[in-house]
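Student: Please build the complete structure, drawing on both the sequences and the hints.
Protein chains: 2
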Amino acid sequence: MKQSKLFGKTTKEIPKDEVSKNAELLIRSGFVDKLMAGVYTYLPLGLRVLKKIQAIVREEMETLGGQEIYMPALTPKDNWVKTSRWDEIDVLFKLQGTGDKEYALGSTHEEIVTPLVKKFVNSYKDLPVAVYQIQDKFRDEARAKSGLLRGREFSMKDLYSFHRNEEDLADFYEKSKQAYLNVFKRCGLDAHIVEASGGVFSKFSHEFQVFTESGEDKIYVCNSCGRHQNEEIVENQTLKCPYCGNDRIIEKSIEVGNIFELKTKFTTAFDFTYTDEAGKEQPVQMGCYGIGPSRVMGSVVEVHHDDKGMIWPESMAPYQVHLVALGDDEKVLAQAESLYQELIKSGVETLFDDREVQAGQKLNDADLIGLPIRLIISSKTLDKNFVEMKKRNSSEVELIKIAKVSKLFTK
Amino acid sequence: MKQSKLFGKTTKEIPKDEVSKNAELLIRSGFVDKLMAGVYTYLPLGLRVLKKIQAIVREEMETLGGQEIYMPALTPKDNWVKTSRWDEIDVLFKLQGTGDKEYALGSTHEEIVTPLVKKFVNSYKDLPVAVYQIQDKFRDEARAKSGLLRGREFSMKDLYSFHRNEEDLADFYEKSKQAYLNVFKRCGLDAHIVEASGGVFSKFSHEFQVFTESGEDKIYVCNSCGRHQNEEIVENQTLKCPYCGNDRIIEKSIEVGNIFELKTKFTTAFDFTYTDEAGKEQPVQMGCYGIGPSRVMGSVVEVHHDDKGMIWPESMAPYQVHLVALGDDEKVLAQAESLYQELIKSGVETLFDDREVQAGQKLNDADLIGLPIRLIISSKTLDKNFVEMKKRNSSEVELIKIAKVSKLFTK
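From first to last, the protein sequence lines stand for chains A and B.
Counting from 30, one number per residue, gives the positions in the first sequence under my numbering.
Counting from 30, one number per residue, gives the positions in the second sequence under my numbering.
Copies of the same chain look alike in the list, so a pair counts if it fits in one copy or across any two.
Straight-line Cα separation of at most 30 Å, DSS-like style, residue types lysine-lysine; simulated pairs:
no., residue 1, residue 2
1, K294, K63
2, K294, K206
3, K154, K374
4, K80, K204
5, K123, K174
6, K38, K154
7, K111, K38
8, K430, K419
9, K45, K130
10, K148, K50
11, K148, K34
12, K31, K80
13, K430, K420
14, K130, K174
15, K337, K154
Think of the hints as simulated: they come from the structure by calculation, not from any bench.
Tutor: Structure follows, in structure tokens:
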């Protein structure tokens, strides 16, 4: 992509009303635009990142055995009344349409997926089954001041699994933990499994937490036995670990995923049973598993940035290479254009800064945008047919022969 | 994919309250599930089709020069008040949130994209620019009885282009027609460009219409000069073509896309101007271009089906090959399993009917689901190491050597 044609521009202006680092950097770099509090438009660079995260999530959910579906955001009131959550969920957006029909905008989809799966499951032979979607959720958050970390509209992957008994659910639940850790690792996040409040039927749910100073959550971390707890379930705020007795420390943290053993909470509400081998009706056991791709995007920015800008992991960078032509020497521009074409042809995702702006602005913007590799072509390197290569996460500069560049990045 | 594990089942039951053929077949085949009038869940087979259509649309929009973005569905009232459409659009879903903040669910996105693009365009050098999104729209349709043809929530591709003057807009508008015809051709639809009512600034808009008996629109078709008109703009209902004077015929039709020269209608409302070469402020000219991928999916079913079921074009079939094992002979099952593995390994998208059901049901379901190629393995063909191949759109049956099958479909 030629940067002169790219929709979305960098700006030095710090956005008003944005206190979070992720919103500040994503807006300043032209990755997203703020429509209103908690509601963002993804510009081309930001959308590329979001799609890469979604693709990673999709791959790991498929490996886990999930089948992708796509449920609506517009959902009928009746389903929410059946579970009492029409009144219980305070962030539920409600609306009314033609014929006084009442709807909720899905803030989560247990109320839709449970009766849906019920339609296709009769016997024990139809279980287990796991379905997931990557879809936009709506939550009327009172405070939406954390950029992509807490949106009123945001991207969510929600998987739901259905089982014959608690053992099968527990087994799948354990497997899901590994799938989740894989997702976060691939996204460059060091996520920790943390016990959190569980709801009606299970003692705990589990959260995936990334320890970082800008986090809103507080986690009691036991570095001895490795079992961590969210502040919300810590009794008497004790620093002594309830499992091994050693001292714990408190870490600030961002929640990037959570999983719940819902057991029969929703299947009972929708009268969802199956016939076992003996012909007897049995309750279906259910779990739910959430990751917010947009929240992951915000979290990665919170964790991976410096005072110059963002530092994208390769796996989710919008482009791998930022090719920057410095100066207005015709030969430099021609050489850069030719290298750009060669990189594109070799399948290397390249952003080419061909804009008519000062060198300083180009270098600052490259730092702000934070692609993994920066290649600089200037009159200084031109004669020797070299290009300067610098990784965003390192200060070392290497000189590379232009003829060898595209091979370096071809996998 | 093994059909025994596939989420979503075929049914012989004709869905209640569905009068359209597309909804009947898509529900009976397990491609979609109806949540309520005009609101559907995409099950795995249906979602695969929808994504293939979206991918075709995306490719053609990129070729046209569009850059993909993603705008929110939740939009602030103010933007709609500025254009007077808060009151004018009768299908707008409106809702209220925390702090009495009022929102509309996007039924279209001129009100969002115009101020967005304004932020990044100052000078003539920033024009032209075209952005598009593939995103879900919401419309509170009074009658939502046409399946995927008229949804209350539906998939939409909306592209918006911005230009320095009317000539540049007109030039892009003409190019968009070809991009649209490419999309429909690739989706197996024979679309015709039809003049329709234009709105404020341009005499006509243009619709892309597929002539078919189940269509809701009536088109005055001139087979002499090729200029067709929507009934809504035909003066005195005359069958005489206003362009060439020859007789026209009337065709029932489904609208699958539409394009508008909006000119300055929205840019004026948002005070969106640019500075020309002489330093003078000029109004920005705008066009908008819509295709509904979910509507395309419904239209293809309306056009491509017979009394046994759907007939998917290769380009959007959820799988290319339906491998069907008949009978419960262990050898047949082993051979089918081995061929399935080989097809998968060769990259052939294959649905393998490994279910323990009667041959008749398998064959009926294969016709209903409508994949392009059906391969049958049975004890009849087993000994000779043959497989029966039949195309969904033909009645001819061919015998193919099993060893040669996977090569047939590898591109």
